[in-house]
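Kindly generate the complete structure, drawing on both the sequences and the hints.
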Amino acid sequence: MSITVRNLTKKYGDQDAVHDISFDVRTGEILGFLGPNGAGKTTTMKIITCYMPPTSGSVEVDGLDIAEKSLDVRRKIGYLPEMNPLYLDMNVLDYLEFSAQLHGLRGDSLRRRVNEMMRVCGLESVRQKDIGEMSKGFRQRVGLAQAMLHEPEVLILDEPTSGLDPNQIVEIRNLIKELGQAKTVILSTHILSEVQATCSRVLIINEGRLVADGSPEQLQREFHGAESLTIELRTRAKDPVAEIFPKLRGIPALSGLTLLSHEGGASVIELEVQKGMDVREAVFRMSVAEDWVILEMRRRVTTLEEVFHKLTTN
Amino acid sequence: MKSLIELPNVGPIYRRELRSYFNSPIAYVVIVVFLAIIGWFFSNNLFLMNVASLRIVFELVPLVFLFFVPAITMRLLAEEKKSGTLELLTTKPVRDAEIVLGKFLAAWTLLAAALAPTLVYLLTLSSLGSPDMGSVVAGYLGLLLMGGVYIALGIFASSLTENQIIAFIIGFLLVLALYLADKVLLYVPDAFASTIEFLAIDYHFSNIARGVIDSRNIIYFVSLLGFSLMLATASLERRKW
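Quick note, the sequences are listed as chains Y and R, same order. Read in order, the letters of the first sequence are residues 1 to 314 in the numbering used here. Read in order, the letters of the second sequence are residues 1 to 241 in the numbering used here.
Simulated from the structure, these hints should not be mistaken for lab results. Don't be surprised by glycine CBs; every beta carbon is placed ideally from N, CA and C.
Covered, in the sense of this in silico footprint (three residues per stretch, anywhere, with C-beta under 8 Å from a C-beta of chain R), are these stretches of chain Y:
#, stretch
1, 48 to 62
2, 69 to 81
3, 87 to 99
If you want it as structure tokens, here you go:
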């Protein structure tokens, strides 16, 4: 089950909410949509789920065009909208049965799927409770149960873990990961650790434009700038800047040196290293030669946070 | 049955909407107020004027419907728009026409449920005299058709806004215009008078209520009903324009 998005543009008045976005998603991929608020994540999802049409461009779900085969496309998709709207005057069981009926389930298969989803999402203890009386975490589970009732091949989840406590977040992430093996999942979030924990691929959107596309590791490799190495040395030097720095400058590929602290003979120094270079061995050999003691050596790798920050601020 | 097979989601939407009416105080408050008003005038007429007739019911109900129907239809789409559940509904494999039709039938059922207890008056009258059964049956048929048209227009009004109060006011103005059309004939040039009279809902209703079920009146109601439902569906689809 693949999703193909081509040159998608959505205008609200004069403003482009989404500008010329193209991407593909394949079966078994869990695609994370990242972007600041108002970047166009939700708009893109609303278009794929046939809630609103694009201004231009096309979307195909499993080869079916969303404009021409809207009903067939909607049959294949399970959707959890932003803010998770629910009928607050219904109880969980009635609501799930209603949703299942709208997906064409009847009789035994309806009951089987509703029970199955209540078990998977941990809703059995609240089956008769009105949704309006439930906590946000439980409502989120109802929203997820609703999205997965009809065993959709494509799951589109707009901020699936918002409002959940840390334990529930882990549960839901595991559930998504499990489902993602056989299905196509698109989820949006602005929690970066979530993307690292669940997604096999990341799209970063900023101001309606696609600014990055790749696995979390790829993005970290591609967008890291200068790497840095923090070392803590015990030396006999009284003035590290005058006595240690000139020696360290002899290491090739070094682009900057900063003294972070100097206390009781231990100096913490940050070394800025050119992109893609590793100077740890050189530092070690120099320390041995100079009789410095390395107390700590830490390489700081670019995090997804930094990649995100770099791509979404001007 | 064919239409039900092609529109499989009308049933679930109808049942959900009806349950939502009767699970909340809306249905009961509306029905009680409706019956209190009608009952007051019916018994006044019966005891003070000594008239054993349902005529007062058939004259009064169209007037009460002007307020009653927009009150039961105002939330149907406006509330779903506001809470976001419309997005949930329209991203499921459900046609917009099924949503409108399911909600229409639920409101129509509530209207019939409010009207049903007035049949007690018929029992009262039968013990006092012999009411003209033909005109009673025709009168109730007319009320149901008229109520149906009002409901369809009310749903259209509800589709225009997220605000239930605005939906009520628009719905009220729409049905008021239909109701008043034949009451302003005096001020209208003669050339348009017959056209406007033909468009007026009360003109067709009073024809039916007299006990004469004319195909012209039935066609008027059915086509106006169909047109109003299509209008509501088109308005719901407007998000796609």
